[in-house]
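> Each chain, written out:
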Amino acid sequence: MLMGRPFFGWPLAGWREFDELDRLRRRLDALSETIWPAAGAAGVYPLFNITEDADNYYVRAELPGMTGSDLDIKVTGRALSISGQRKAETDPEASYHRRERRSGTFDRTITLPAEVDADKVDARMKNGILTVTLPKAAHAKPRQIKVKS
Amino acid sequence: MAEETRITPREKREMAKAAETTRPGPVFTPEVDIYEKDNEIVLVADMPGVTAGKLTVDLNKDILTIDGEAEAPKGEGETELLREFAAGGRYTRQFTVSDVIDRDKITATLKNGVMRLTLPKVAKAQPRKIEVKEA
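Protein sequences, first through last, are from chains A and B. Residues in the first sequence are numbered consecutively from 1, following the numbering used here. Residues in the second sequence are numbered consecutively from 1001, following the numbering used here.
Keep in mind the hints are simulated off the structure, nothing from the lab. Warning: the hint list may mix true and false statements.
Computed cross-link-like contacts, SDA-like style, restricted to lysine to any residue with a CA-CA straight-line distance of at most 25 Å [what the hints assert, rightly or not]:
| hint | chain 1 | residue 1 | chain 2 | residue 2 |
| --- | --- | --- | --- | --- |
| 1 | B | K1111 | B | V1057 |
| 2 | B | K1074 | A | A94 |
| 3 | B | K1105 | A | K120 |
| 4 | B | K1121 | A | A94 |
| 5 | B | K1124 | B | K1074 |
| 6 | A | K120 | A | A79 |
| 7 | A | K126 | B | L1081 |
| 8 | B | K1105 | B | K1074 |
| 9 | A | K126 | B | T1092 |
Chain B is nowhere near these chain A residues, computed Cβ spacing over 10 Å in every case [to be verified]:
| hint | residue |
| --- | --- |
| 10 | I50 |
| 11 | H97 |
| 12 | G104 |
| 13 | T109 |
| 14 | A138 |
Remember, it's a predicted structure, so these values are computed and weren't measured experimentally. All C-beta atoms, glycine included, are put in the ideal place defined by N, C-alpha and C.
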């Protein structure tokens, strides 16, 4: 499901044809959603973006309205698991016209490309976006090899 | 009841653009809750990544527009390994507001990527309890 996702906002000519594929995929997703409404388009919650630099992996997820106390983050070896609960705020005096915001429990585990230093993992929420910074274990860091003449 | 259920995965709804946008990037429809109480209507919208400075709430005649620009939280010099959601972009949605809203007293707050807009009703639109007296 993840392949063929366009790199939004990247004005690379090479991605044009993928745009077309993506549009087709979206239409198929919309169709499948009408047939199997429970299946969901992406199949997982929350969605992750993962990036890396020389020292860290960064895992980001959109979790609007959630605070650190609603989340449970665990790291073991190469596995990162994030679980939590999005509480529904129900006002007993109110009558609801629309309820689109989702509530409930979730958990997701992913495997990172290399081992991380579990003691130095840092997680923070900002404007509803969770960023987990996972320092790469010393032996997993890339090493520069000097070529001697 | 709702507390126990698991969250149903759903992809962010990207808006079909009616007009050409002047800024690059995707435009999303935020998920909202709208509820009504005796004295007010409350609109709650999920807009992750949007800061107060980048959020505009505009009421033009009877069209209420919420528009927020989300910051892409990617740091400098990071290489992408996996992209499941489009970071950044805009959240836009329009609603029709009826006359019963006291336009001058609309308030909006933004916390943890959730916007809460309170639309107070004008006094005369609030329900009044009529006591029935015995003759």
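> What are the numbers of the hints that this structure violates, sorted from low to high?
Hints 2, 3, 5, 8, 10, 11 and 12 contradicted; others consistent.
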